[in-house]
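Student: Here's the letter readout for the chains.
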Amino acid sequence: MYVAVKGGERAIENAHRLLAHERRGDRDVPELSLSQISEQLGLAVDRVMSEGSLYDRELAALAIKQARGDLIEAIFLVRAFRATLPRFGTTEPVDTGAMRVQRRVSSTFKDIPGGQVLGPTFDYTHRLLDPGLAQGGDPEAPALAETSDVPMPRVTDILGRDGLIEPSPAAETDAPVGDLTRDPLSFPAGRDLRLQNLARGDEGFLLALGYSTQRGYGRNHPFAGEIRFGEVEVEFVAEEIGFAVPLGSIELTECQMVNQFKGSATEPPCFTRGYGLAFGQSERKTMSMALVDRALRARELGEDLIAPAQDEEFVMSHSDNVQATGFVEHLKLPHYVDFQSELGLLRKLRQEFAEANAAPALKEAAE
Amino acid sequence: MNAPTYNFAYLDEQTKRMIRRAILKAIAIPGYQVPFASREMPMPYGWGTGGVQVTAAILGPKDVLKVIDQGSDDTTNAISIRKFFAKTAGVETTTSTDAATVIQTRHRIPEAPLRAGQVLVYQVPIPEPLRFLEPRETETRRMHALAEYGLMHVKLYEDIARFGHIATSYAYPVKVNARYVMDPSPTPKFDNPKMDNCPALQLFGAGREKRIYAIPPYTSVVSLDFEDHPFTRYKFDAPCALCGAEDSYLDEIVTDNKGSRMFVCSDTDYCEGRQAAGHRGTESVAPHKEAAHG
Amino acid sequence: MAPMTIELQPGFADKVLSAQSTFRTVMEAMARPGQVMVVGDEVGGPSSMMPGVAAIALTLLDQETPLWLDEAFLRAPDVGAWLKFHTGAPIVGRSDAASFALIAEPATLPDLASFALGTPEYPDRSTTLILQVPSLTAGQTFHLRGPGIDGMTALTASLAPADLFARLSINEALFPRGLDVILVDGRSLVAIPRTTRLASSGV
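Residue numbers (the numbering used here), protein chains in the order written: chain A, 1 to 367; chain B, 368 to 661; chain C, 662 to 864.
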């Protein structure tokens with residue numbers, strides 16, 4: 001006697017109830033608040049905002065809590081919510097040159113106008129686990145200095161003044177802003193869409209690809225021209241008003257790589273650019289992004305296409321961790337119908353193989 | 368906090384219009400993959416986001432929706448998608464193939480013949496039939512443009528050379544309206560003949576790959592083959608152990624640790640319908656029914 | 662010229678559900694070429710625009726669909742404003758840049774090759790023509806075949822331009838490029854996608 005499997009609906013409900021229980025963990029331990037996540041796991045929040053393409057610390061913190069700390073799951077939650085939001089328009093381009101900088105380093109010049117600012121960084125920490133932190137307690141208050149009004153021009157602007165680096169492409173103000181979440185992607189893609197794809201792309205994927213270019217798979221001689229992190233104003237021109245109004249400020253990390261120079265019989269040689277930008281403090285992400293952006297410009301700059309990081313279709317089709325995790329994880333869905341089909345075919349092929357190999361033996365025996 | 372509110376059938380109207388326009392072009396160019404701006408859905412890519420977007424764009428309050436996965440209404444993903452639409456669109460749902468106006472499916476075509484006026488929506492993981500022969504979209508799009516399908520025939524022929532058969536048992540490529548080679552989604556090739564000259568409209572949605580395609584009713588759908596190696600439908604040796612059907616696609620059930628097997632219909636609605644009509648197999652017992660689906 | 666104040670007609674009473682039911686009508690029509698389908702929902706629109714055309718416009722057009730209008734629609738004072746208000750579709754002068762073309766007087770339909778015909782790689786990037794025709798119930802009988810048609814179907818209609826099917830024969834040579842056409846008479850509509858062929862015609 002056989003009874004077909006039923007009861008999936010109740011199983012799903014119970015599974016989700018158990019999930020909620022496990023998420024909460026030991027109920028004797030105080031529950032995490034969103035502000036705890038936002039304040040104390042700030043870099044996780046930054047990553048979820050960046051790859052989730054939504055600047056909202058509270059929602060990102062909620063997503064991290066709901067996802068039990070699984071950041072790709074949290075990014076997915078934020079993306080699904082974002083897809084339902086109405087569009088009012090696009091903001092004016094942000095001016096990272098006017099950033100209120102918290103951190104700014106350049107590896108190309110010893111000193112630069114405005115100076116090098118280390119800011120909050122893991123750099124030069126000795127990676128020794130801190131038992132004091134396990135106990136908790138307030139750290140020392142930060143050392144403060146007067147805010148300076150000295151402008152901090154971008155290093156690439158300094159190079160650009162002498163024509164040593166290619167000019168940044170000028171925005172066509174009338175051209176619509178490309179958006180791969182609203183239009184299906186086709187190849188070849190413009191740099192705007194490539195950068196959008198990379199900005200939303202998985203940090204680990206970009207890190208590995210960027211690293212591969214450093215090891216020779218599409219090498220392009222990068223120097224970290226500048227990495228800066230801080231606050232910028234966001235402005236929006238409403239059609240009814242006719243001028244730009246500030247919407248508020250956001251934290252951004254920008255990385256400008258200075259790369260391999262180009263030149264020709266008609267153009268003097270100059271350095272080329274790779275660009276990275278992300279919400280919050282996301283240095284690893286923006287540096288990787290800048291390396292990959294530069295690698296993806298290979299065709300435009302007349303370089304040989306030899307490495308994965310230079311392959312636009314390969315990079316753009318596989319950078320999105322929400323897409324990737326969905327498709328990898330879908331393998332756990334039932335596939336027994338197609339598996340059965342393969343099983344049937346395989347059995348038939350094996351039977352034919354056995355018959356074919358048995359036949360000569362029979363023939364020999366008969367002789 | 369920005370508490371979310373959702374539209375009828377979840378998608379906003381602008382998104383629905385975009386998908387609807389893509390569906391119309393897909394019907395007008397049978398078997399051609401129309402790019403569309405697939406949205407991020409509240410379920411993972413690869414779990415039916417394409418099918419769900421197509422269903423959401425066509426579904427109305429008068430529809431009766433059936434959702435199957437592997438032929439069954441009771442697999443967890445089918446339940447999850449059915450509940451999604453019951454919640455967001457308030458539509459009536461059913462497990463009956465005959466009562467449904469819209470059927471969303473993953474990996475099967477129902478055994479009961481479909482009729483005019485019904486819409487079958489397939490969930491598609493990889494819409495490009497040439498993808499595993501040529502990974503580049505720029506290349507495969509050119510091949511479709513030129514109807515240059517030699518690569519596919521070479522692949523099928525190599526199968527024959529190596530195995531004596533075309534070694535493709537599901538997602539078996541078809542040619543639609545004598546023009547486009549199309550991926551029927553990972554349905555077993557057993558189901559391929561049902562697509563040909565079908566009275567119902569067949570729509571295919573691939574969310575992650577951002578493609579929609581269609582087979583209009585009464586359209587020729589031919590499984591690729593060779594004269595000396597014609598397409599054959601997979602045939603089971605045994606009838607269904609529950610309803611005795613000899614013409615249906617069967618699931619293989621492992622019944623103990625000694626390797627015992629039994630075969631039962633993958634289309635649960637078909638099987639239950641036959642049992643209700645008095646058909647019996649060797650292992651017959653009325654499967655207990657869960658309370659009405661939400 | 663003094664600015665004219667135009668009282669704009671409303672569109673659908675229920676935007677969401679009427680768009681859904683109209684879409685299903687259009688989808689059924691596209692899936693069953695030659696068969697007359699009827700738009701059921703109440704719809705307002707400019708006086709020179711048939712209710713079927715207004716319903717299709719409200720259902721399928723928006724900011725993302727460049728729209729081409731024939732002279733008659735362009736001249737009608739309320740059509741452009743109504744379309745802009747209800748759909749936001751940008752009205753374009755070049756017919757080959759249009760996703761949709763609305764044609765009030767199809768007798769003066771320009772050369773079909775002047776519309777977007779799609780490309781071999783992207784044949785879907787073509788104009789969908791929506792024509793107001795004299796009748797979809799009386800007139801000449803056209804026998805049609807192609808995908809969506811069980812063998813052969815007969816369409817009895819009074820068409821404009823009279824040689825529409827002859828002109829649509831470019832679809833056969835161009836396929837998969839081509840034009841998809843929706844014929845409208847009041848609330849009735851018939852779709853002639855690019856795959857539909859004229860088998861024969863008689864009186």
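If you're looking for bench data, these hints aren't it; they were derived computationally from the structure.
Don't be surprised by glycine CBs; every beta carbon is placed ideally from N, CA and C.
Incorrect hints may appear among the rest.
One side only, chain B facing chain A, incomplete, derived with CB under 10 Å [as the list claims (entries may be wrong)]: (1) Leu378; (2) Ser439; (3) His474; (4) Arg482; (5) Ala483; (6) Ala512; (7) Leu513; (8) Glu515; (9) Tyr516; (10) Leu518; (11) Pro553; (12) Gly574; (13) Arg578; (14) Asp614.
Student: Run every hint past the structure and note whether it holds.
Tutor: Hints and how they fare:
Look at leucine 378 of chain B: its Cβ gets to within about 9 Å of chain A, closer than 10 Å, so that hint holds up. Proximity of serine 439 of chain B to chain A holds as hinted, the smallest CB-CB distance being about 8 Å (cut-off 10 Å). The beta carbon of histidine 474 of chain B is positioned within 10 Å of a beta carbon in chain A (closest approach about 5 Å), and the interface hint is therefore held. With 10 Å as the threshold, the beta carbon of arginine 482 of chain B stays out of range of chain A, its nearest partner Cβ sitting at about 23 Å, so the hint is violated.
Interface restraint check for alanine 483 of chain B: the shortest CB-CB distance to chain A comes to about 26 Å, outside 10 Å, so the restraint is violated. A cut of 10 Å between beta carbons decides the hint on alanine 512 of chain B: the least distance to chain A is about 13 Å, and the hint is violated. Restraint check, leucine 513 of chain B versus chain A: the minimum CB separation of about 18 Å is more than 10 Å; hint violated. The restraint placing glutamate 515 of chain B at the interface with chain A is violated, with a minimum CB-CB distance near 19 Å, outside the 10 Å limit.
Nearest Cβ of chain A to the Cβ of tyrosine 516 of chain B: about 21 Å, over the 10 Å cut. The hint is violated. At a threshold of 10 Å, the smallest CB-CB gap from leucine 518 of chain B to chain A is about 18 Å, leaving the interface hint violated. With 10 Å as the threshold, the beta carbon of proline 553 of chain B comes within range of chain A, its nearest partner Cβ sitting at about 5 Å, so the hint holds. Interface hint status for glycine 574 of chain B: upheld, as the beta-carbon distance to the closest one in chain A is roughly 9 Å, under 10 Å.
About 8 Å separates the beta-carbon of arginine 578 of chain B from the nearest beta-carbon of chain A, less than 10 Å, and the hint is met. Restraint check, aspartate 614 of chain B versus chain A: the minimum CB separation of about 16 Å is more than 10 Å; hint violated.
In summary, the numbered hints that this structure violates are 4, 5, 6, 7, 8, 9, 10 and 14.
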